[in-house]
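Peer 1: 655 is the number of the first residue of the sequence shown in the working numbering; add one for each residue after it.
Just so you know, the hints here were simulated from the structure itself, not pulled from any lab data.
Please note: incorrect hints may appear among the correct ones.
In silico EDC-like cross-links for lysine to aspartate or glutamate, where the CA-CA straight-line distance does not exceed 20 Å [said to hold, decoys possible]: (1) LYS958 x ASP897; (2) LYS972 x GLU996; (3) LYS958 x ASP984; (4) LYS1158 x ASP660; (5) LYS689 x ASP917; (6) LYS972 x ASP897.
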Amino acid sequence: MSAFADILQAMPPIARVVLMLGLVSAAGVALGHVKIRGVGLGIGGVLFAGIAGGHVAKQAGIAFNPEMMDFIRDFGLILFVYTIGIQVGPGFFAALRRTGLALNGLALLMVVSSILLTAVLVGSGALSLGSSLGVFAGAVTNAPALAATQQVLTEVGADAAVMALPGLAFAVTYPFGIAGNLLAMAAVRILFRIDPEAEARRFEECRRAEVSTLETMDLAVRNPDLAGRPLGSLTLMGRLMCDQGVVASRLLRDGVLCVPRPDTLLRLGDVLHVVGPRPKLEQARALLGQEFDRPLTTKGTDLKWERIVVTNSAVLGKSIAALNLQEAHDVVVSRVNRSGVELVPTPALKLQFGDILTVIGRPESLAAVGKVFGNSSRRLQQVEMIPMFLGIALGAALGAIPIFLPGMPAPLRLGLAGGPLIVALILGRIGHVGPLVWFMPPAANLALREIGIVLFLAVLGIASGDRFVATLASGAGWPWMLWGVLVTLVPLLLTGLIARGLMKLNFLTICGVLAGAQTNPPGLAYANALVASEAPALAYATVYPLAMCLRILGPQILVLLLW
């Protein structure tokens, strides 16, 4: 060990930091893979490996450049929250409209209950104000809350002894803050006998149910009133059929299959292959006549269908109608798949990067349309670097803007966690601005997200490790740890039981709420590892902005009330 310490001491400062972070990260990820009866630390293993590494480094007299470590920690956090925002941005605002009020109500319950518990501990004399603020920040794994604590204590003129307490209490209580989040999720899962795979399927079913499922029907024109009328003039319940989401993609006339156009004049005996929601198809059948006895397949004809991916920046934000595909290329778009959800290809639907269109037409027409939309699988695998770094820069700028509230001794800030997340949510929802595209390939998003959270936890563990063991050994840290367990578990279990027992929410959504309301990235990583689903990330992103603001505001409220 002494030889290894000598090697570290002789290394340049940057190389020393890189070596230590590499070893801690590798050991932590390996530790997270160890499971006992199916339960493991997951990404939280990096924090504990960091604590061990930091303790060993302290004993060997090895120091790390604090500015460098702070930069790596913060940049890792930015990468993590930014990639989450880009991933869930397209579905975040829709989720906010559907379930956002209820989920943020649960987050508010968690934050308020942890603040009240901390106030009770101070009021009863169990904790001093300085140590309670560190317990609050560490128990809910919120480093910005610790920063806000230090800032507000400075504003009220606290002495050096009081200023040192929050950091020590934070280091002692933070590890269980992460573990407690995972334990609460496991407790809800065991108590209600939940199968995460079944919950993921239920979430996807509910998500798809919110968008009308597209079906097909082959309809023969038997209504004499329609003879000689243009296809584009047909109406269902007083609205044009195309605006109702019903698309006629094939026409069989005199034994010949072709692509119909809006100005195609219908004849009795024509057979139309229509795509749309089932209720609308039933209305179309009542209008046209009757269902045909055999499917209109493109096999054996000169018509083909092809899935084409939107990767051309020139068509982003344009509606299907504006591209005039039927007139220009004699093709029909019958379906649009966006992020795994099938959308009705109405004329007003605006295209986004990565949309997958099902297009029907002749081979030469499909080739021409493919060039219009881009249809480049290579672009889907590329990370757009310029938009990514612009988004990170905008997030850092937003996080630094001071927010002045009446009665607060210092302004609030969203910080380097809240700012990039909110910007990424907005940019992910917008999708593009001119040639700038904020789409990120899933594999690249996952890689950057994992790198970010590993770096963040490794640095935080190393920084805490040099004080962690000493604080516990002195006995001063044990009461903090005990009360930290209380502040961690009571809000989590209370919220989890209400969310599942009373509100019957999806378990994966509950995991996202518990992680987001505690602003706990490792909790989200653990939930993501349970099963492949966007449910935890969507819930996390839904409650995170409010929770982060309240967590930062919490210590300042406690100081104002109890100082």
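Peer 1: A separate judgement is required for each hint: does it hold in the structure or not?
Peer 2: Hints versus structure:
no. : hint             : verdict
1   : LYS958 x ASP897  : violated (25 Å)
2   : LYS972 x GLU996  : holds (18 Å)
3   : LYS958 x ASP984  : holds (12 Å)
4   : LYS1158 x ASP660 : violated (58 Å)
5   : LYS689 x ASP917  : violated (65 Å)
6   : LYS972 x ASP897  : holds (16 Å)
When held up to the earlier numbered hints, the structure conflicts with 1, 4, 5 and fits the remainder.
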